[in-house]
Each structure stands twice: as structure tokens, then as C-alpha cells.
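Make the full structure from the sequences, and use the hints.
One point on numbering: in numbering that gives the first Met the number 0, the residue at position 5 of the sequence shown is 4, and numbering is uninterrupted.
I should point out that these hints are in silico values taken from the structure, not numbers from a laboratory.
Warning: the hint list may mix true and false statements.
Derived pair list, reagent style DSBU-like, types lysine-lysine, alpha-carbon separation capped at 35 angstroms [what the hints assert, rightly or not]:
1) 80 x 3
2) 161 x 80
3) 4 x 80
4) 4 x 161
5) 163 x 4
6) 80 x 136
7) 3 x 136
8) 4 x 136
For clarity, every value in this text was computed on a predicted model and none was experimentally measured.
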Amino acid sequence: MSRKKGLYFAELALRVLVIAFSVAGAVTMLTSNETVSLFGITVNATYTYSSSFRYKVVADSVTCGLTLLSVFTVISLNRPKSNPQNYFYLLLHDMVSLVVLVSGCSAATAIGFVGRFGQSETGWIPICDQVERFCDKVMASIVISFVAVICLFLQTLMSAYKLKSQSFSDPI
Numbered sequence: 000m001s002r003k004k005g006l007y008f009a010e011l012a013l014r015v016l017v018i019a020f021s022v023a024g025a026v027t028m029l030t031s032n033e034t035v036s037l038f039g040i041t042v043n044a045t046y047t048y049s050s051s052f053r054y055k056v057v058a059d060s061v062t063c064g065l066t067l068l069s070v071f072t073v074i075s076l077n078r079p080k081s082n083p084q085n086y087f088y089l090l091l092h093d094m095v096s097l098v099v100l101v102s103g104c105s106a107a108t109a110i111g112f113v114g115r116f117g118q119s120e121t122g123w124i125p126i127c128d129q130v131e132r133f134c135d136k137v138m139a140s141i142v143i144s145f146v147a148v149i150c151l152f153l154q155t156l157m158s159a160y161k162l163k164s165q166s167f168s169d170p171i
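Encoded structure:
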């Protein structure tokens with residue numbers, strides 16, 4: 000197999016992994032809820048109570064959609080008569096996807112940290128002692144999405160490499 004075909008299949012595989020991990024991260028967050036009884040009071044923990052967790056679900060979903068679109072772009076760029084300058088737009092597309100997903104993961108990580116460890120300066124107590132299953136699912140969702148971030152970062156590097164390796168006949 001030639002180097003060009005190997006890079007093409009690696010790029011497609013990374014894009015499929017990003018789609019799979021971002022869907023898994025969103026679904027895991029969507030299904031994270033737990034109801035417990037504390038001192039006779041029923042407490043329900045769900046991702047919808049935190050704007051950061053909701054934003055992470057949106058970021059996962061947007062990244063999944065954008066990456067799905069980029070799969071079709073990569074397939075069309077692999078055709079013989081495609082314009083090599085389109086790799087620049089693919090690189091921008093990948094960078095936007097990466098930034099969206101990193102921001103969603105970062106926001107959820109910050110709130111997850113406060114939920115797990117609390118913040119004594121503001122008087123926020125940790126809640127993960129009471130809703131452990133909920134916190135574990137949130138943490139799993141965040142970890143899964145950070146794996147998607149790593150795949151997206153590698154994908155962005157590959158897009159940059161492909162852009163650099165294309166020989167342009169027209170000056171930019």
C-alpha cells in the first residue's frame with residue numbers, strides 16, 4: 000500500500016473514531032442521572048442541572064456532525080480532479096471541531112472537579128459522595144470525549160501535513 004493510501008485510510012479511521020467517541024460521550028452524559036434519598040429528602044442528579052454538562056452534550060453533538068461532514072469532504076478530496084487548495088478549508092474545519100470539543104470538555108471538567116472535590120473557599124461541598132453513580136458516568140463521558148479530542152488533534156495534524164505536502168501551482 001502506498002503512503003498516500005495509508006494516510007487516506009488513517010485519516011478516515013481517525014474521523015470514524017471521532018464520530019464514535021463523540022457519540023459515546025454525548026450518550027453517556029445524556030444517560031447520567033441518579034436519584035437518592037438524603038435524610039428523607041429525594042435528590043435527583045442529572046446532567047440538565049448544569050449548563051456546562053449541557054454544553055458538553057451540544058459540543059459532542061456538533062463535533063460529531065462536523066466530523067461526519069468532513070468524512071464526505073475527505074472522500075471527495077481523494078478523487079483525482081479535486082482541488083488541492085480545499086485542504087486548507089478541511090484544516091480550518093478540523094480546527095473548529097477541535098476547539099468546540101475542547102471547550103465543551105473543559106467546561107464539564109471544571110464543574111465535574113467541583114462536584115468531586117468541592118471548593119472550600121466558596122463553601123461548595125463535594126456531591127459525589129452522595130451521587131457516586133452519577134459522578135462516575137459524568138467522568139466516563141468526559142474521558143471518552145477527551146479521547147475524541149486526541150483523535151481530533153491527530154486528525155488536525157494530518158490535515159496540516161496534507162496541506163503542506165500539496166504542491167500548489169497558483170500562488171496563494
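Evaluated hints:
no. : hint     : verdict
1   : 80 x 3   : holds (16 angstroms)
2   : 161 x 80 : holds (16 angstroms)
3   : 4 x 80   : holds (16 angstroms)
4   : 4 x 161  : holds (12 angstroms)
5   : 163 x 4  : holds (17 angstroms)
6   : 80 x 136 : violated (47 angstroms)
7   : 3 x 136  : violated (40 angstroms)
8   : 4 x 136  : violated (38 angstroms)
Comparing the model with each numbered hint stated earlier shows that hints 6, 7 and 8 do not hold.
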